[in-house]
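Chain by chain, the residues:
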Amino acid sequence: MMSTFLVFCLPFLGALVAPALTRRLGHNAAWPLALVPFGIFLHFLGFNAEIARGEVVTGGYAWVPAYNVSFSWLIDGLSLAFLSLISGIGTLIVLYAGGYLKGHPHQGRFFSFILIFMGAMLGLVASDSFLMLFVFWELTSIASFLLIGFDHEREAARRAALQALVVTSGGGLFLLAGLLILWNVTDVTQLSLLLSYGEEVRASPFYLAIFFLILGGAFTKSAQFPFHFWLPNAMEAPTPVSAYLHSATMVKAGVYLLMRLNPVLGGTPAWETVLPALGGLTLLVGGVLAIRQTDLKLMLAYTTVASLGLLVLLTGFGTEKALAAAALYLVAHSLFKGALFMVAGILDHEAGSRDVTRLAGLRRAMPVTFAAAVLAALSMSGLPPFFGFLAKEEVYAALSGGSLRALAFTAAAVVGNGLMIAVAFAVALKPFLGPVVMAPGSRHEAENLHEAPLLLWFGPLALAVKGLAIGIFAGFTHAVLTSPLASAIAGKPETVSASAVPHVGAALVLSLVTLAFGVLVYLGLARARAAAGRLVEDIGWGPDRGFDQAMRGLLAFSVAVTRFVQPGRMGVYMTATFLAIALALLLPPALYGEWPDLPLWPAGVPFHELAIMALALLGVGAVLAANNRLTAILALGIQGFCVAVIFLLFGAPDLAFTQFMVETLSVVILTLVMTRLKLTPRDHRPFGRKIADAAVAIACGLGFSLYLLKVVQGRFDTALTDFFNLYARTIAHGSNVVNVIIVDFRGTDTLGEIAVVMITGLAILSLIRIRKGRAAAGAEREANP
Amino acid sequence: MTELLFVILIGLFFAAAVYLMLSKFLVRVLLGVVLLGNAVNLLLFTAGRILREVPPIIPAGHDVPVALTANPLPQALILTAIVISFSFFAFLLVLVYRAYQDLGTDDANEMRVAEPENTPGPPTGY
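Order-wise, the sequence lines are chains V and H.
Note that my numbering has the first sequence beginning at 1, numbered continuously upward.
Note that my numbering has the second sequence beginning at 1, numbered continuously upward.
Please note: incorrect hints may appear among the correct ones.
Looking from chain H toward chain V, a few residues come up when the C-beta cut is under 8 Å (computed) [said to hold, decoys possible]:
no.	residue
1	L4
2	I10
3	F13
4	V33
5	V34
6	T80
7	I82
8	I84
9	L95
10	V113
11	Y126
Sample of chain H residues at the chain V side, in silico, Cβ under 7 Å [claimed, not checked]:
no.	residue
12	L12
13	I50
14	P65
15	P120
Calculated from the structure, these hints are not laboratory results.
Where a beta carbon is used, it is the ideal one built from N, C-alpha and C, also for glycine.
Using the sequences and the accompanying hints, generate a full structural model.
See below:
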């Protein structure tokens, strides 16, 4: 168990050392770094025997036991297939990146990002606990943001990165909500336990909410229509990223989620309608858009969209055959798409262009790449004995049937697959056949064109050969890989038995029709491209442009909100603050009917007390009404001294003395400063403003009055007072209780107060010094220009 | 219920302080801050209940106060508050003074160095 935990940490450790290692070894750091995914691959290979027997490996540690949250993993046929693909293809990608980004100043950073991404992806497909699933899900979004925006100096890359992040991590929030509802409905937080709650979930009144929220997560991640637009844009990333993210990993995460939850959520009318319908639509849209492109990577990207649509279609179709077909196609697609992306990268790297119309005749110069491309394309086209053939046969066997529904989906699959065949041939044949055509501005002259280095061609060739090998040894493949995979998707034991030998039947006929259609489109590719282009132009608006509009709208909205709450006028802030205070004081008693009782006018108040209070109010009134500031300051002094006298009259001589001192100082300092300022004497406010300000002020005053009245009408707890009276002399040996509290009982508080005064003094001093220093510097500048 | 007088006095102090602080002229705001300090001190004083003319002092030869005295706890708190609010006032005063020296006004609405009028929005590109 410990070793599996360490394996999940390994990519992150690799990411930590990658930059330093690359500084030391240059691009050859790819070799030691590739050992990380390769080691992981070997580790999970060790699980094969157990999984093939139909067992499930779980493990993990408690994380937040109080909330039933754990760091735990679940390895069954589905997880293991993904783990093997991610680590296996990851090994080749790391090597390929070593060659592709050779000499790039940030190659170390790139290795780091791709290993982080790999770690996130491994964690995602192995997660058992919901929280871990979500955390890794969002981590893949963040890592893909870094990878897609790797060339951050180009705006297109920044846009693509942001788009991928917004779409996929936004979808992640849907996923989180869906998982939380699932948790609420079933009271379990682990996928392995959830699998036995299928009946309850499907019968729950929240089923549709869960369904659509999970779909929101899966469809954004797996680029299903209408969220497909971020995937082709992500081609701004360096090719190793495209080959990795868009073959076996990132975009398959959504498919993984659907497959994982198929035993729980599947089998309902909603599942079997929405998934195949949107999947089929995505398949067709992806196919048409792929034909339209001339950029090799974009062509492949759109076929990836189409393939993901096919996978979603199959997952939602619901029959055992369809799930087996999904399992087969998942594996086949990861292999051939990874290889073809890498081939496109090699062409870009060596021949200087990715435009299919500008490349031709490279077969002699680059025979190995050509071989890899053809092998991968044949698998993509579904020709025997490649693995893609098995997948396609199974797809047709699963979909074909008498009903109208089956017929519609079969037609969609035939058209989609046909378009993909055309693209596969275009990518694998066009650049290599015919006379040599050099792209203008390419790095090499025609005669200098040569095969890519080992680091580059090894990956695609390995994947392409693997696609052939597992097709030929289909029996073995099914036993260790696809049967457990299909079983995990279905939630019950399944045996996949498709073989590489063609059988006569409906599936073969459909395959031949597809192939014929594909070849036809390939031969008329230029015309098909023009037709698809016209179609897209006629539609005009697309979700990609919609994304820009949404982002601009969001920006305009946030600017408007910011301008509204932060107008930069102090009056607005102050009014808002005091309004809030008044409401906080007046609303609760109004809502709960807790107004104070009507008080009686106090009898027998001595005249001098009334007089001094009246004098204080007179001072306050004079401050408000003062014609010039000097009068206002003096009036301020009047109220201050009156407050001091009030303290004196009501048993607080210490307060009175301090108040006298502070008021005197305040008035003197204020007067000194005021005489230095040349200011307009009066406070001009427009009449309306005056009324509004007065209303706020009166509300505040009223609020404080009522609040205080309520307080003094309540019971008075004298515990603290008694304490101080009791111990002032007996413990602290002082007779003035107030002073004892200040210097003894609350001595630390007083120390803090002294510190505040000192810091204020320092701040004042430095504020004044700055001015002097700046003036001196200015004089110096004038003296020595 | 002598407290009623204090309640009215304090309400008026608060209202006046808030009205002054809503002014755009910083000197007025400063006067408001001083008034607010007094209002809060009186509020604390009143919340500890009012008692006339008996300071909380223990007579010689006794261990505890012999008669009922004024509440010492609010007094201790207010004593601290007076000093702190004076520091606050002094600091604000210097800030206003320096602002006037550098900006030539004490009108808060004309001080727009940090938040200029008609700031352009953030860039709309990526």
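Hint check results:
{"no.": "1", "hint": "L4", "result": "holds (5 Å)"}
{"no.": "2", "hint": "I10", "result": "holds (6 Å)"}
{"no.": "3", "hint": "F13", "result": "holds (6 Å)"}
{"no.": "4", "hint": "V33", "result": "violated (11 Å)"}
{"no.": "5", "hint": "V34", "result": "holds (6 Å)"}
{"no.": "6", "hint": "T80", "result": "holds (5 Å)"}
{"no.": "7", "hint": "I82", "result": "holds (5 Å)"}
{"no.": "8", "hint": "I84", "result": "holds (6 Å)"}
{"no.": "9", "hint": "L95", "result": "holds (7 Å)"}
{"no.": "10", "hint": "V113", "result": "violated (11 Å)"}
{"no.": "11", "hint": "Y126", "result": "holds (4 Å)"}
{"no.": "12", "hint": "L12", "result": "holds (6 Å)"}
{"no.": "13", "hint": "I50", "result": "holds (6 Å)"}
{"no.": "14", "hint": "P65", "result": "holds (5 Å)"}
{"no.": "15", "hint": "P120", "result": "violated (10 Å)"}
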